[in-house]
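Chemist: Sequence:
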Amino acid sequence: MNDIMDLHTHTIASGHAYNTLYEMAKSASEKGLTLFGSTDHAPKMPGTCNEFYFINFRVIPRKLFGINILMGAELNILDYKGRVDLRRGLLERLDYGVASIHEPCFKSGTVSENTSAYVGAIENPSIHIIGHPDDNRFPIDHDTLAAAAATNHTLLEVNASSLHPLSVRENAKENYISLLERCKHYKTSIILNSDAHVAEDVGNHKRAWDLIAEVDFPQELIVNGSLDRILPFIPKLEAYL
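Heads up: the sequence shown begins at 95 in our numbering, then just goes up one per residue.
Careful: at least some of the hints might be erroneous.
[Claimed, not checked] Per label pair, the in silico range of CB-to-CB distance:
{"id": "1", "residue 1": "G203", "residue 2": "R152", "range": "20 to 30 Å"}
{"id": "2", "residue 1": "T238", "residue 2": "G160", "range": "38 to 48 Å"}
{"id": "3", "residue 1": "Y116", "residue 2": "K330", "range": "20 to 30 Å"}
{"id": "4", "residue 1": "P312", "residue 2": "E268", "range": "19 to 29 Å"}
{"id": "5", "residue 1": "N144", "residue 2": "P259", "range": "29 to 39 Å"}
[Unchecked claim] Heads up, simulated DSSO-like pairs for lysine-lysine below, C-alpha to C-alpha not over 30 Å straight-line:
{"id": "6", "residue 1": "K300", "residue 2": "K120"}
{"id": "7", "residue 1": "K125", "residue 2": "K267"}
{"id": "8", "residue 1": "K201", "residue 2": "K125"}
{"id": "9", "residue 1": "K330", "residue 2": "K138"}
{"id": "10", "residue 1": "K175", "residue 2": "K281"}
{"id": "11", "residue 1": "K157", "residue 2": "K175"}
Rather than coming from a laboratory, the hints here were simulated on the basis of the structure. All residues carry an ideal CB built from backbone N, CA and C; glycine is no exception.
Working from the sequences, and respecting the hints, build out all of it.
Modeler: Here you go:
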């Protein structure tokens, strides 16, 4: 499949990434992408930017280096109700939201509690993608997650960074194999993202595509190949095309 987008990336604003927004967008353009999304960490992540960073995205061109730009955030899921760390008014200013569980911001509970945290985030209309639901440190019920995502029209992410041999996330490949089987069952759509923290990694989804091939996941449930496929999941994109 043609892969034209990367919607989970980080700039120096996240505190532990190493390139600017323009450097990241330029890399996306050079790699032939059509759509690039920037999702710096929301304020509860240690070392990241203040919430004021997210209030002024209107000044950023939505075309850079010949490609479409979306400005979002990687929100931290904070509790078992799925609450996140930007208030509603700021969430509504984002082009889209990715919600993830991160160790500094979330205390892992039971499988039921962790799953409830994800489901609560999925039910938030300002959240469009669930980031890296693949870590054994936060065990979840894959069947419940896939069903909730399908019902609420939320994308589940296959995160290429999680599949890196040096990733801190535990058992990611095996968890994805299980989750993708349930996504097949519920016809849950997914997105492949890089989680790039340096410009070189933008659009690098090779490990994710290798896994997709291994499990023979249906191409029609992957949004990466077409703007028409992503539009129903991120309505604000239409205004920039």
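Chemist: A separate judgement is required for each hint: does it hold in the structure or not?
Modeler: The hints, checked one at a time:
no.	hint	verdict
1	G203 <-> R152: 20 to 30 Å	38 Å, violated
2	T238 <-> G160: 38 to 48 Å	41 Å, holds
3	Y116 <-> K330: 20 to 30 Å	21 Å, holds
4	P312 <-> E268: 19 to 29 Å	20 Å, holds
5	N144 <-> P259: 29 to 39 Å	34 Å, holds
6	K300 <-> K120	20 Å, holds
7	K125 <-> K267	26 Å, holds
8	K201 <-> K125	38 Å, violated
9	K330 <-> K138	25 Å, holds
10	K175 <-> K281	25 Å, holds
11	K157 <-> K175	36 Å, violated
Hint compliance for this structure: hints 1, 8, 11 are broken, all remaining hints hold.
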